[in-house]
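Take a look at the letters that make up each chain.
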Amino acid sequence: MLGFQAGHYPLADGESVLDCLLRHQQPVPYSCKAGLCQSCLVQAVDCQPPALATRGLKATLQSSGHAMACQWHPDSDVCVRLPDNQALSVQGHIVGLQQLNAVVMKLVVQADDPTALAECHPGQYLNLVNSAGTIRSYSVANDCRQHGRAEFHIAATAQGLFSHWLFNAASLGDVLQMRGPAGSCFYVADADQQQPLLLVGVGTGLAPLYAIVNDALAQGHQGPILLVHGASSTASLYYRAELRALAASHSKFSYSALVRAGAADADCQQGDAAESALALLAALPVAQTRVYLCGNAAFVHNLRKLVFMRGVRSANIFCDPFVERATQSN
Amino acid sequence: MASVFEAIGGAAAVDAAVDIFYRKVLGDPLISKFFDSVDMDRQTAKQKAFLTMAFGGPNHYTGQDMRNAHKHMKLTDVHFNAVAGHLQSTLAELNVPQQHIDTIMGIAASTHDDVLNV
Ligand SMILES: Cc1cc2nc3c(=O)[nH]c(=O)nc-3n(C[C@H](O)[C@H](O)[C@H](O)COP(=O)(O)OP(=O)(O)OC[C@H]3O[C@@H](n4cnc5c(N)ncnc54)[C@H](O)[C@@H]3O)c2cc1C
Ligand code: HEM
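Heads up: the protein sequence lines correspond to chains A and B, in order. Throughout, the working numbering is defined as the position within the first sequence, counted from one, plus 522. Throughout, the working numbering is defined as the position within the second sequence, counted from one, plus 221.
It is worth saying that the hints were derived from the structure and are not from the lab. Don't be surprised by glycine CBs; every beta carbon is placed ideally from N, CA and C. Among these hints, one or two may not hold up.
[What the hints assert, rightly or not] Pulled a few chain B residues facing chain A out of the computed Cβ check, cut under 10 Å:
no.	residue
1	D236
2	V239
3	D240
4	Y243
5	G248
6	M261
7	D262
8	R263
9	T265
10	M274
11	R288
12	D298
Using the sequences and the hints, build the whole thing.
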């Protein structure tokens with residue numbers, strides 16, 4: 523039996539806390555259902571969530587009994603409640619809304635408390651909650667630790683709840699709650715600074731990579747830094763001028779864009795981003811190379827396997843798959 | 222008497238073996254589908270649990286746990302032998318002495334009935 527708020531719901535054999543609550547039409551937010559996005563956080567009441575359901579959560583969340591409902595398959599009676607939004611999140615206001623191309627919006631949020639994001643490594647993600655209560659994960663594209671001002675790149679998604687709100691209804695001054703940070707896809711300076719870094723992203727997968735590249739350069743990374751950005755066409759690329767300027771001023775950094783269709787030029791070719799990344803990898807010492815993969819979940823999953831099979835160490839592969847909302851009939 | 226786990230280097234041996242073993246398993250079309258889940262970090266953790274157990278290291282798995290972990294996969298001897306083969310060739314690649322390989326393969330074989338739920 524699953525206790526939730528005032529009610530009690532029978533758990534089916536092997537069912538997750540989240541699925542049980544959704545089956546009983548209870549209002550629990552969720553998105554990826556894969557133990558990644560952390561949208562479906564619940565707080566345990568007088569019971570201990572299993573380790574799998576707390577994996578990747580901040581220590582403070584773990585010690586206060588928080589867990590991901592989608593990863594919790596109880597084998598005895600448990601009781602949970604919705605977490606206290608106030609205690610969990612940081613409030614901010616929208617201070618920037620700028621379309622980077624036809625399908626990508628740059629969103630800038632200033633935390634009301636400028637120190638509130640001091641622990642957010644560039645490239646980690648935050649869960650944004652809008653006034654309608656929709657929660658989605660977005661990667662931070664800049665270093666927001668000092669000023670609490672976080673930049674996001676958000677792709678328009680057909681019939682997407684959050685992105686539709688952002689492109690059509692959001693305006694400067696709107697309040698957003700931010701939960702997090704989370705994720706382990708960021709630059710670590712205590713590793714070997716001579717290692718080559720190969721960063722590959724498709725679409726708005728560029729957001730965390732842009733943050734990671736800038737962070738690596740700021741922390742004085744010594745080895746080569748190779749960025750590959752894939753998109754469907756030149757019209758859906760963005761930040762080309764910024765990346766070219768960065769490459770011009772840092773000899774160890776190089777940038778190339780791959781598009782499936784459209785004209786080629788000096789740093790943009792027609793082709794497949796994964797193939798291009800594997801070609802670059804072939805010229806690097808694979809056992810030393812650190813690889814960052816971000817964006818579309820299927821793309822990340824595939825390329826992760828390919829770079830691993832080519833000899834990149836699993837400990838040197840950092841991924842940020844943008845897992846979409848799982849389909850569910852409600 | 223020191224266990225084979227300690228003799229071959231303990232947790233460090235598991236770390237050295239995990240990538241090699243996982244690469245073999247993922248590259249084997251007979252069994253790769255079982256290990257190809259979206260969450261590769263979790264998979265790596267499971268491979269480590271597997272190797273630690275096979276090396277006779279500290280673990281809390283009971284025979285019943287092994288049954289539960291594998292029963293939904295409907296595995297047969299073909300799968301079991303494939304995994305055992307990759308384990309053996311991983312150990313050979315790491316130059317583990319034959320006497321230890323024999324012990325480890327013995328531990329793996331002892332889980333046969335639980336893994337296959339027979
Ligand atoms: C760790 C992480 C980091 C991320 N970082 C970024 C980032 O930096 N930038 C970025 O753009 N995105 C990022 N994402 C993806 C982001 O969280 C959202 O998934 C994405 O923006 C879509 O959200 P949405 O609300 O617009 O669409 P949703 O409402 O979630 O819909 C997603 C898709 O599912 C379909 N769908 C929804 N409900 C149903 C239903 N009931 N039945 C059938 N189909 C349905 C919709 O048509 C749509 O195509 C990240 C995701 C994760 C997990
Ligand atoms: C040779 C004997 C084997 C041993 C000792 C063994 C051991 C283990 C262990 C310890 C776990 C972790 C369980 C957990 O923590 O939940 C595990 C999980 C797993 N095993 Fe095995 N295993 C064996 C054979 C196999 C075979 C033959 C296959 C399939 C071809 C297989 C596929 C899996 C998979 C897919 C998981 C992960 C399940 C999950 O993700 O939850 N195993 N195994």
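Worksheet item: Are B/D236 and chain A close enough, Cβ to Cβ, to be under 10 Å, as the hint says?
Response: OK, holds: B/D236 within 10 Å of chain A, min 9 Å.
Discussion item. So, as I understand it, the hint says B/M274 touches chain A; can you test that by seeing if any CB pair is closer than 10 Å?
Written reply: 18 Å, violated
Practice prompt. Could you check if B/R288 really has its C-beta closer than 10 Å to a C-beta on chain A?
Written response: 15 Å, violated
Worksheet item: Can the hint on B/Y243 be confirmed by a CB-to-CB distance to chain A that is less than 10 Å?
Response: 7 Å, holds
Worksheet item: Hint check: is the beta carbon of B/M261 less than 10 Å from a beta carbon of chain A?
Response: 6 Å, holds
Practice prompt. Answer holds if the nearest beta-carbon of chain A is closer than 10 Å to that of B/D298; otherwise answer violated.
Written response: 26 Å, violated
Worksheet item: If you take the shortest Cβ to Cβ gap from B/G248 to chain A, is it below 10 Å?
Response: 6 Å, holds
Discussion item. Interface hint check: B/T265, Cβ to nearest Cβ on chain A, cutoff 10 Å. Holds or violated?
Written reply: 5 Å, holds
Fill in: Interface hint outcome for B/R263 [beta carbon to chain A under 10 Å]
8 Å, holds
Discussion item. Can you verify the interface hint for B/V239: is its Cβ closer than 10 Å to any Cβ in chain A?
Written reply: 7 Å, holds
Fill in: Hint check, B/D262 versus chain A [nearest Cβ-Cβ separation less than 10 Å]
8 Å, holds
Fill in: chain A contact restraint for B/D240 - C-beta distance below 10 Å
5 Å, holds
The structure does not agree with the numbered hints 10, 11 and 12 stated previously, though it agrees with the rest.
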